[in-house]
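Visitor: So the chains spell out like this:
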Amino acid sequence: MIQNSETARAINQDRSPAPTPQKGFYIRLLLLGSAIMLLSQVIISWFALDRFEQALIPQLNQKAVAVGTALGSQITYASQELGIPINELIGVNDFFQSTLDSNPDLQYLAIVDLNEGVLFQYNTPQGVINSLMGEMQKQPYGSQGSHFTEEIAEYLDSRFPIYVNGNPVADLHVGVSTENIRRQLFTIVFEIIAVIMVSMVVTIEILNLFMSRNILAPTAHIHRVFESGSRGKFTSRLAMRVRNEFGIMVSSLNRLLYELEQRYQDFHFELRELRDAQIDPRISQKISIIIDQTNNRFGFSDRFSILEKTATQIRMPFFLFIFSEEMSRSFFPLFVVGFIPPNPALSYELMISMPITLFMVATFLATLVAGKWTCRVGCSRLFILGIAFAFVGYCGTFLADSYAELILWRCLNGVGYGLIFNACETWIALHSKESNRGHGASAYVGAIFAGYICGPSLGGMLAEYVGQDTTFLISAGLAIVSGFAAYRLLASDPPFHQDLSPSLTGLEPWKVLFGNSRFVSIVFTAIATRTTLSAFLFFLIPLYLNELGHTTIEIGQMMMLYGGIIVIGTPGISRLCDRIRRYFPATVAGAIISGVGLLFVLTSGLIGESRAVLVSIVAVGLGHCLILAPQYAIMQKIVYEHREQIERSVSISIYRFVDRIGLIIGPILAALLIQTTSYTNAIAAIGLIVLVAMAFSVTFANRQRSPVKSAVKA
Amino acid sequence: MFFGFAFRTALVLIPILVVGITITSALSLHKFSQTFSTLINSGFEFVTGEVRNGIQVQLDLGLLLKNLEIAQTLEEYQISDNQILSIEVFDNHGVVLHSSDSSSVSDLVPEEWVNSWRLNSTNSSWALQERNAGVVGVPIKNNLGQDVGAVVLRYSRNLLDQNIWNQTRHLITVNSIAALITILVAFFSAMFILSRLCSEYRSMGKIMDIVRTNKKTDTEEVQQDKNIRTPVFHQFISMVLATNREMDLTIMKARSLDEGKEN
Chain A
137 MIQNSETARA
147 INQDRSPAPT
157 PQKGFYIRLL
167 LLGSAIMLLS
177 QVIISWFALD
187 RFEQALIPQL
197 NQKAVAVGTA
207 LGSQITYASQ
217 ELGIPINELI
227 GVNDFFQSTL
237 DSNPDLQYLA
247 IVDLNEGVLF
257 QYNTPQGVIN
267 SLMGEMQKQP
277 YGSQGSHFTE
287 EIAEYLDSRF
297 PIYVNGNPVA
307 DLHVGVSTEN
317 IRRQLFTIVF
327 EIIAVIMVSM
337 VVTIEILNLF
347 MSRNILAPTA
357 HIHRVFESGS
367 RGKFTSRLAM
377 RVRNEFGIMV
387 SSLNRLLYEL
397 EQRYQDFHFE
407 LRELRDAQID
417 PRISQKISII
427 IDQTNNRFGF
437 SDRFSILEKT
447 ATQIRMPFFL
457 FIFSEEMSRS
467 FFPLFVVGFI
477 PPNPALSYEL
487 MISMPITLFM
497 VATFLATLVA
507 GKWTCRVGCS
517 RLFILGIAFA
527 FVGYCGTFLA
537 DSYAELILWR
547 CLNGVGYGLI
557 FNACETWIAL
567 HSKESNRGHG
577 ASAYVGAIFA
587 GYICGPSLGG
597 MLAEYVGQDT
607 TFLISAGLAI
617 VSGFAAYRLL
627 ASDPPFHQDL
637 SPSLTGLEPW
647 KVLFGNSRFV
657 SIVFTAIATR
667 TTLSAFLFFL
677 IPLYLNELGH
687 TTIEIGQMMM
697 LYGGIIVIGT
707 PGISRLCDRI
717 RRYFPATVAG
727 AIISGVGLLF
737 VLTSGLIGES
747 RAVLVSIVAV
757 GLGHCLILAP
767 QYAIMQKIVY
777 EHREQIERSV
787 SISIYRFVDR
797 IGLIIGPILA
807 ALLIQTTSYT
817 NAIAAIGLIV
827 LVAMAFSVTF
837 ANRQRSPVKS
847 AVKA
Chain B
317 MFFGFAFRTA
327 LVLIPILVVG
337 ITITSALSLH
347 KFSQTFSTLI
357 NSGFEFVTGE
367 VRNGIQVQLD
377 LGLLLKNLEI
387 AQTLEEYQIS
397 DNQILSIEVF
407 DNHGVVLHSS
417 DSSSVSDLVP
427 EEWVNSWRLN
437 STNSSWALQE
447 RNAGVVGVPI
457 KNNLGQDVGA
467 VVLRYSRNLL
477 DQNIWNQTRH
487 LITVNSIAAL
497 ITILVAFFSA
507 MFILSRLCSE
517 YRSMGKIMDI
527 VRTNKKTDTE
537 EVQQDKNIRT
547 PVFHQFISMV
557 LATNREMDLT
567 IMKARSLDEG
577 KEN
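Taken in order, these protein sequences are the chains called A and B.
At position 348 of the first sequence (counting the first as 1) the number is 484 in the working numbering, and the numbers step up by one without a gap.
At position 97 of the second sequence (counting the first as 1) the number is 413 in the working numbering, and the numbers step up by one without a gap.
Derived by calculation from the structure, the hints in this document are not laboratory data.
A few of these clues could be false.
As the list claims (entries may be wrong) - Partner residues aside, some chain B positions facing chain A, computed with beta carbon under 8 Å:
{"#": "1", "residue": "His346"}
{"#": "2", "residue": "Phe352"}
{"#": "3", "residue": "Ser358"}
{"#": "4", "residue": "Glu366"}
{"#": "5", "residue": "Leu487"}
{"#": "6", "residue": "Val490"}
{"#": "7", "residue": "Leu513"}
{"#": "8", "residue": "Tyr517"}
{"#": "9", "residue": "Met555"}
{"#": "10", "residue": "Thr559"}
{"#": "11", "residue": "Ile567"}
Given the structure is predicted, the values throughout are model-derived calculations rather than measurements.
By construction, the Cβ of each residue, glycine as well, lies at the ideal position given by its N, Cα and C atoms.
Construct all of the structure, not just a fragment, from the sequences and the given hints.
Guide: Structure follows, in structure tokens:
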């Protein structure tokens with residue numbers, strides 16, 4: 137039997153996504169899922185809103201009746217009891233104005249007399265005044281104490297006859313606009329858009345997982361088997377048991393390869409028999425040559441190859457975890473406010489920032505130990521351990537009674553967060569290749585920001601409807617689902633060992649990495665990016681927007697924009713950077729955009745505070761879109777370069793460790809800034825910090841290039 | 317049991333669509349209930365505002381809140397609208413001073429009402445939802461601008477609950493139909509999209525079985541299948557057939573050598 141294990145290994149090692157025709161089906165299916173989801177939600181919402189409007193109009197009219205009855209009796213009192221003729225009443229227009237001001241759902245008020253026309257009115261459109269006169273001519277006055285409602289233009293007009301001493305003297309008209317109801321109901325459109333976006337992201341994530349597990353990965357593998365076979369190397373079969381068309385095709389392929397191999401063995405056996413039985417050495421030698429030729433020409437093996445894990449397989453569980461964590465993002469600083477004791481030990485702003493900062497510190501410390509643990513227990517077990525911590529943290533936060541308890545439970549969450557992030561990064565580092573590092577990074581970054589889209593918006597809505605504390609319980613449930621997904625998708629991932637024993641331990645890896653100017657350069661960008669994230673997005677945005685009078689739903693929707701931009705932009709940017717191999721310029725451009733975007737908040741006097749914040753969020757989203765995947769790819773490259781000296785997981789831990797500094801200092805920095813200055817100035821100051829960090833980053837990157845240029849010249 | 321690949325994939329879309337539609341429906345219903353409740357409250361706010369204005373006029377004349385003669389007015393307001401359960405006036409200790417229901421005078425109002433009144437003293441009104449009733453309150457201020465109590469109107473939730481129930485029934489009916497149609501469209505569209513892929517897999521399997529059982533199959537015969545749009549598969553099959561042919565030729569050559577027919 138000819139064993140060509142090298143070729144078999146080569147088949148398995150080439151894990152870059154092969155462009156198969158199945159990718160077209162995958163894209164079509166994604167588009168179908170998204171389009172149907174969008175269409176169904178729009179149609180259902182439209183039907184619901186139309187029906188709601190019909191049900192709400194009578195209730196709006198009820199209010200008009202209550203107001204008309206009360207005003208009518210006051211006017212009757214003035215005319216009948218005080219003896220003032222109705223056309224001589226003073227200050228009626230002002231009275232109408234104050235009534236309308238305190239009842240904004242009413243549109244107009246008017247008193248119309250059959251002979252003299254409109255006696256008093258406030259806010260009545262001219263078209264309606266003409267119609268009121270016309271109606272008066274047709275139907276003079278109703279009976280005493282009655283009222284009559286009809287539709288005039290886009291208004292519902294209620295008429296109340298005013299009787300003085302048993303004689304009708306005028307009609308009081310109260311107008312309401314159905315536009316008010318429409319406006320109130322319209323606010324739900326934004327919530328529905330958010331739900332549609334969340335549904336679409338979830339649809340895409342689930343289809344992504346399903347298709348890549350069931351179509352893309354197996355067909356890419358089969359494709360490689362075909363390619364290898366078409367070169368005469370029948371070295372691998374596919375171990376797969378699925379009862380569908382694909383499984384049946386794989387069985388046919390395996391049977392064909394098996395029979396071909398059997399035939400080849402028989403053929404070889406016969407050749408050897410002929411050679412060994414031959415007494416003429418010349419002919420025997422000729423047959424030997426034929427045997428050698430066939431050995432070189434064909435390759436066979438009875439090896440069954442299994443589908444290997446890919447970098448993108450961690451995307452779904454990671455997305456679900458980030459989704460659960462981000463649920464509280466839009467309201468967490470506001471949630472903390474409820475736990476601050478009457479006489480706090482620190483300033484009010486610092487007390488708000490503490491649970492966020494300590495969460496980051498716990499994440500930071502967990503990252504320190506996670507590097508070694510990942511080697512010992514494997515990524516999947518570490519992920520599930522992280523989920524266990526997060527689950528306990530969420531349940532504890534739900535039950536927390538005091539500020540100290542809240543901090544404790546959030547720290548447990550932080551530990552889970554750190555472990556899971558480390559498990560994911562190590563998984564991607566282990567399952568990515570040089571050629572598709574950017575693609576692997578985009579799966580990781582994409583999962584984070586898909587979570588950023590879904591979490592804050594849905595969390596904001598849930599906080600408004602079921603309460604902020606209950607939202608943590610829902611997060612706990614989602615964390616369990618994430619753990620289950622990790623168990624199913626990543627299980628059987630063994631503890632791993634590096635092929636080469638790295639020689640550096642203790643502080644040596646730190647010295648080596650910090651001796652690399654490119655590493656120092658990306659550390660500056662990473663810290664600035666993380667500071668922006670934790671100070672601006674996680675801390676200042678919820679507080680500032682709340683101060684501007686926005687609900688948690690609106691805050692969540694605005695924060696969702698950030699994730700939306702990242703999700704849409706990151707894959708394209710990462711592919712472009714992979715193609716042109718220009719990672720660093722992308723990070724510089726991103727830092728400039730986000731820094732200037734944060735400074736843009738200073739224009740709030742010109743364009744309005746909420747709009748300025750919105751522009752800043754969009755700019756930060758665009759900037760981070762350019763930074764994140766390239767920055768991650770640079771880091772992976774550095775880790776790869778130092779793989780012989782430093783374990784990959786240790787390098788990742790060190791990077792994560794310094795990167796977390798930004799997350800830790802962010803909330804404290806923001807709290808200190810808003811203690812001394814306004815929200816807008818605080819945001820602008822963070823923008824300046826980003827620009828300064830970017831300048832340092834460029835300086836260090838140039839230090840790395842200079843020696844290279846000198847060497848080239850020499 | 318055999319479930320085709322297209323069927324399984326199409327099946328994945330169903331729970332996603334159902335969850336999406338359910339969340340949208342729940343949100344819509346919640347918004348309706350919120351808007352309806354706001355409208356009802358707004359109507360009753362006007363009524364309580366009227367009562368409060370009358371009280372404040374008397375307070376401006378120097379009368380004390382507890383000495384006002386307003387029980388009849390409160391009763392008249394209650395009788396004028398059958399949704400109104402009671403109208404009460406309480407002081408800053410939460411004691412009912414006047415009520416449309418005389419039996420509740422001197423009782424203490426629920427703590428929640430007092431808290432809401434205190435928290436919303438700067439607002440023109442506040443509203444609460446109790447199990448069976450909605451509550452709308454407006455603060456009363458004396459001529460020095462001090463909070464001296466509040467007028468609270470309790471109304472039946474029947475109308476609100478009835479309307480919400482009607483809308484829920486309607487939404488369930490309409491959305492179930494819409495969901496069913498959507499699911500069917502999604503299901504069959506997914507089946508349609510994937511049917512070509514499945515037929516390609518079936519054809520591949522069939523050709524490989526033919527090649528396996530009949531090793532001398534002509535290459536042209538297997539290349540003609542229009543379902544297969546994967547060029548590498550054709551190359552693979554060609555190589556399998558070529559391998560078979562080459563083995564036949566080689567063994568024949570070796571036999572010839574062995575038999576001395578060829579040198």
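Visitor: Hint by hint, say whether it matches the structure.
Guide: A quick look at each hint next to the structure:
About 6 Å separates the beta-carbon of histidine 346 of chain B from the nearest beta-carbon of chain A, less than 8 Å, and the hint is met. The criterion of a C-beta within 8 Å of any C-beta in chain A is met by phenylalanine 352 of chain B, whose closest approach is roughly 6 Å, and the hint holds. About 6 Å separates the beta-carbon of serine 358 of chain B from the nearest beta-carbon of chain A, less than 8 Å, and the hint is met. At about 5 Å, the closest approach between the beta carbon of glutamate 366 of chain B and any beta carbon in chain A falls short of 8 Å, and the interface hint on this residue holds.
The beta carbon of leucine 487 of chain B is positioned within 8 Å of a beta carbon in chain A (closest approach about 6 Å), and the interface hint is therefore held. Hint status for valine 490 of chain B relative to chain A: holds, with the closest Cβ pair at about 6 Å, below 8 Å. Taken as an interface hint, leucine 513 of chain B checks out: its beta carbon lies about 5 Å from the nearest beta carbon of chain A, inside 8 Å. Against a cut-off of 8 Å between C-beta atoms, the interface hint on tyrosine 517 of chain B holds, since the closest Cβ of chain A lies about 4 Å away.
Because the closest C-beta pair between methionine 555 of chain B and chain A is about 5 Å apart, less than 8 Å, the hint holds. Against a cut-off of 8 Å between C-beta atoms, the interface hint on threonine 559 of chain B holds, since the closest Cβ of chain A lies about 6 Å away. Checking isoleucine 567 of chain B against chain A by beta carbon gives a least distance of about 6 Å; that is within 8 Å, so the hint holds.
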